[in-house]
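Undergrad: Spelled out from the first residue to the last, the chains are:
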Amino acid sequence: MKPFDIVIVGGGGAGLYAAMEAMKTNPALNIAVLSKVYPNRSHTSAAQGGANAALANKAKDDTVEMHIFDTIKGSDYLADQDAVDVLCSEAPKIIRELENIGTPWSRMEDNTIAQRPFGGAGRPRCCYCSDKTGHTILQTLYEQCLKKGVKFFNEYFALNLSVSGSRSNGLIAMNMKSGKVEAFPAKTVILATGGYAKMYWNRSSNAAGNTGDGQAIAYRAGIPMKDMEFVQFHPTGLRKSGLLVTEGARGEGGYLLNKDGERFMARYAPEKMELGPRDLVSRSLETEILQGRGFDSPAGKYLHLDLTHLGADLIKSRLPQIREMSMNFEGVDPIEEPIPVRPTAHYSMGGIDTDNQTRTVMEGVYAAGECACVSVHGANRLGGNSLLDILVFGRIAGRTAAEEAGKFTPNTISEAELTEQLQEIRGGMHAAGHYERYGELREELGQTLALNVGIFREASLLQKGIADIAELKERFKKVRIFDTSDVFNTNLMQVLELKNMLDLAETVAAGAYARQESRGSHTRIDFPVRDDANWHKHTMATLVKGKVTLGEKPVTMGRYELQERTY
Amino acid sequence: MTLPTDQHTEGKKNVTFRVFRFNPQVDSKPYFDDYTIPVEKGITVLRSLNYIKEHIDGSVSFRAFCQAGICGSCGMRVNGLSQLACTTQVWDVLAKSREPGIIKVEPLRNLPLIKDLIVDMDPLVDKMKRYSNWVDSTMPEAEMGKKEFLISEEEFLRYDKATDCILCASCVSECSILRANKEYVSPAVLLKSYRMSVDSRDSLHEQRLAELVKDHGVWDCTHCYRCQESCVKSIPIMDAIHGIREDAIESRGMKDTSGSKHAEAFMMDIEKKGKLVEATLPIRTNGVVWTMQNLLPMALKMIMKRRTPPPPPLVKSAKGIKIFRQMFREMTEHVKQDHKSHQ
Ligand SMILES: Cc1cc2nc3c(=O)[nH]c(=O)nc-3n(C[C@H](O)[C@H](O)[C@H](O)COP(=O)(O)OP(=O)(O)OC[C@H]3O[C@@H](n4cnc5c(N)ncnc54)[C@H](O)[C@@H]3O)c2cc1C
Ligand code: SF4
Ligand code: SF4
Ligand code: FES
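As you go down the protein sequences, you meet chains W and E in turn.
In terms of the working numbering, the first sequence opens at residue 677 and continues consecutively.
In terms of the working numbering, the second sequence opens at residue 390 and continues consecutively.
Worth double-checking, as some hints may not be accurate.
Derived lysine-lysine pairs resembling DSSO-like cross-links, with alpha carbons at most 27 Å apart [as the list claims (entries may be wrong)]:
no. : chain 1 : residue 1 : chain 2 : residue 2
1   : W       : Lys700    : E       : Lys518
2   : W       : Lys992    : E       : Lys550
3   : W       : Lys824    : E       : Lys418
4   : W       : Lys700    : W       : Lys935
5   : W       : Lys856    : E       : Lys418
6   : W       : Lys935    : E       : Lys418
7   : W       : Lys700    : E       : Lys535
8   : E       : Lys401    : W       : Lys700
Footprint (simulated), chain E over chain W, 3 or more residues, beta carbon under 8 Å [as the list claims (entries may be wrong)]:
no. : region
9   : 708 to 720
10  : 767 to 773
11  : 784 to 792
12  : 1113 to 1125
Residues from chain W that face chain E, not an exhaustive set, calculated with beta carbons under 8 Å [said to hold, decoys possible]:
no. : residue
13  : Thr812
14  : Lys916
15  : Leu966
16  : Asn1004
17  : Asp1162
18  : Gly1222
Note that these hints are calculated values from the structure, not bench results.
Remember, predicted model here, so these are calculated numbers, not experimental data.
Positions of the beta carbon are idealized from the N, C-alpha and C atoms, including for glycine.
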């Protein structure tokens, strides 16, 4: 089989932009996009808020430089400043490009792209399409890829890279419809598989499939993971599902109440109250719960987001989406009752280490989007910067791979290697002695992460978390796959996803244990302040002989000196 | 496979999910499996299916991803109606269930079955390609990224609602024409086609329209409103269908793509496959009078009124296809003559 020039794993915003740009760079190339769900189902569709770009449509004095500063400050100075430069400088161009190919942006009165304020930004520079920005961007990119005739392999589950020494020969994936394990020999592979925040399971706002598959694939191939300990929590996830109740609810005047009916934010942010920054509000909710002022339920402890005083009219007209969500997923009508909420894992800052051109340390392997860590978000990403990240670096990945594909001649992927993979994923899984239920393991993983590697971290908790993950990995060896068929075996797929989460959870916990400081989303009770002297650096987690091994990498500076992060 | 019933506490109800099963590797035909589980208020059909999969039978197969009603993966038929499992409350369904305590879950219709509740979405993607469901920008590639098109709020509002579509295929599953003719363009694809055509950045308008007025295209729609009634995002799909028809008549003229010509083809369809189509004709749900008033002279009405009539009231079965045929011929003649006199 003739190798593909580029195999893109992932059909979210990053993967589709890469495909589109690669076709544009060199239409003669043979490109494939693999995705475990139809591309238009990717999690990019969930982004409601918008994407940042200093278009200066709304605030005429906005500049790229201000966007750069906000991003670096927001990252608690852990972002690489040259990468942030790329991100913000490319932003206006890429948002216009998306506009030019049909993205239905909301409009200002002068008919230019509309912009609104967003957390942590000094100017209103978040471009949006109502409350469905990610959805419309994803649709537009998918449509354009169909137009360009991109070859899609939908519902293919990527398993591993095929590696010879320091370079990759391509990808091995399972066709969900047939259950067959197939080879995708390729000169270059772009990993664009999205984030890993779903490892917190019921305490995550993410789609069921945001299980960090691409990161786990890269990690198993020996590629380092950068800054994995940084996971962003959003203050208001629904109690049962972790799904997001957006800031809008508090923006319109919603109260956060504990079980004594007290507006507890008065204790933590007496001026801003419910409207304090995301990480502060998350920590406040968590503190209330930890100190026993939360409500109890079988689904865990929670607090109230109370909108009842806003009245039916306002709720119906201004917050219809939130009302619908709360009715659909909690069975609670916020006009009559408060919404049960608690903080939820929302975004993964860490990921596959890449340079500014999206190259990884392995020849022919690139990564972009939430699965990569360039790093532009450092210790904390700003709202509206991740859609931007996937677009900008998705495009760079497509272009770079297209330009560099000619340099590589991959080896063939042997039948034996495929058989081995098949054996590994299916061998023995239905056998007697396999009794562990993946659903339970998955839930327990989420629980231990939320409790021990969650918002508040501490040496003893982290040790507990690390031990729990190790135990879950042991139990995983006895996991049972109940569905014995080849055709569309979602049971098998979920077990493979669980394996990926377990592999990555280890790196998250290890990084969190090692980093003895508090920075951005990473809060250590035992090390409550930022420690620039010892920890102004990236952690790098690499798999060596089956064990996570931590290294480090300096942060690229050059624009702004370290300052305290205050708002 | 039943959980102990003593779990029936005040806040919980025992619910039996009657799930459509089919594994092409071993089953020669589909069957149903019953799973009874306790369900409290606030639980969705999807969460129940997840529970069944995790705790009772790992082989039950269905798609789900976002679990928040935005990705469109979990379309299925719940008690006969196509909807998203992740936004459908079990207790709400129970309240309307014909058989108390039982919820029947089946795959979407009109798309090839793969396994259990999973159907093949490729035919829909193929149609999106056939009908160029994309904006072909008037801006040359080399110029892109330099400046914005200026677009008015008014134009934005023309396609805003249509861009809510999450391609869940619920409307596809409910479409009455698709049941008889799998080649038919499909409501979601009509919606998307319309969305592209009213976008001033697009240059493919004529080409797309030419495809839409061919066989299996926009004129095959029987105007039955089922797609719109079942749309999970409450999108006025009929506005798009009217919009395309109106557009076709306006820009291509009556002679070429006329409603009458297509109405004739439609009529022949009725004559050829009388029984089949009778089952799907709008008169069955809408009544003869409504059908006469709305479907047949629609081309004219559209030109004059330029708006979508409200969904018709449901009326029990029609008087008969015979009267319908007779009136149909007469009305078609009217339309033709009327139009001539307008020119
Ligand atoms: C609720 C919510 C709201 C958000 N709101 C905003 C916002 O307002 N602004 C903002 O900037 N950001 C927001 N974000 C973050 C942003 O949406 C994501 O970071 C971004 O969409 C990720 O895009 P991606 O292309 O990297 O990955 P995704 O869109 O997650 O796509 C990943 C792709 O990889 C594929 N894939 C994964 N694993 C495999 C495998 N094993 N084999 C084959 N294919 C695979 C999937 O099928 C999918 O196509 C939000 C996130 C959430 C959860
Ligand atoms: S109105 Fe037309 S497209 Fe909609 S369901 Fe009826 S026949 Fe199908
Ligand atoms: S039009 Fe509505 S029902 Fe049809 S696919 Fe789109 S969202 Fe689903
Ligand atoms: S799972 Fe995404 S719409 Fe239901």
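Undergrad: Taking the hints in turn, state whether each one holds.
TA: Verification of the hints:
1. With a C-alpha separation of about 19 Å, the suggested pairing of Lys700 of chain W with Lys518 of chain E holds against the 27 Å cut-off.
2. Of the pairs offered as hints, the one joining Lys992 of chain W and Lys550 of chain E holds, with about 18 Å between alpha carbons and a cut-off of 27 Å not exceeded.
3. A distance of roughly 40 Å separates the Cα atoms of Lys824 of chain W and Lys418 of chain E; the hinted pair therefore is violated under the 27 Å criterion.
4. Distance restraint check for Lys700 of chain W and Lys935 of chain W: the Cα-Cα separation of roughly 57 Å exceeds the 27 Å cut-off, and the hinted pair is therefore not satisfied.
5. For the given pair, Lys856 of chain W sits about 24 Å from Lys418 of chain E by alpha-carbon distance, which is consistent with the 27 Å threshold.
6. A C-alpha spacing of about 54 Å is found between Lys935 of chain W and Lys418 of chain E, which places the hinted pair above 27 Å, so the restraint is violated.
7. Taking the CA atoms of Lys700 of chain W and Lys535 of chain E, the gap is about 17 Å. The hint holds against a cut of 27 Å.
8. Taking the CA atoms of Lys401 of chain E and Lys700 of chain W, the gap is near 56 Å; set against the 27 Å cutoff, the hint is violated.
9. By the rule of at least three residues with a Cβ nearer than 8 Å to a Cβ of chain E, the coverage given for the region 708 to 720 of chain W holds, with 6 such residues.
10. Check on the region 767 to 773 of chain W: 4 of its residues sit with their Cβ under 8 Å from a Cβ of chain E, so the three-residue criterion for coverage holds.
11. Residues of the region 784 to 792 of chain W lying with their CB closer than 8 Å to a CB of chain E number 5, which satisfies the three-residue condition for coverage.
12. Only when three residues or more bring their CB closer than 8 Å to a CB of chain E does the claim for the region 1113 to 1125 of chain W stand; here the count is 4, and the claim holds.
13. Among the interface hints, the one on Thr812 of chain W holds; its C-beta lies about 5 Å from the nearest C-beta in chain E, closer than the 8 Å criterion.
14. Hint status for Lys916 of chain W relative to chain E: holds, with the closest Cβ pair at about 7 Å, below 8 Å.
15. Contact between Leu966 of chain W and chain E, as hinted, is not supported at the beta carbon level, the nearest pair being about 25 Å apart and thus beyond 8 Å.
16. The criterion of a C-beta within 8 Å of any C-beta in chain E is met by Asn1004 of chain W, whose closest approach is roughly 5 Å, and the hint holds.
17. Contact between Asp1162 of chain W and chain E, as hinted, is supported at the beta carbon level, the nearest pair being about 6 Å apart and thus within 8 Å.
18. Checking Gly1222 of chain W against chain E by beta carbon gives a least distance of about 28 Å; that is not within 8 Å, so the hint is violated.
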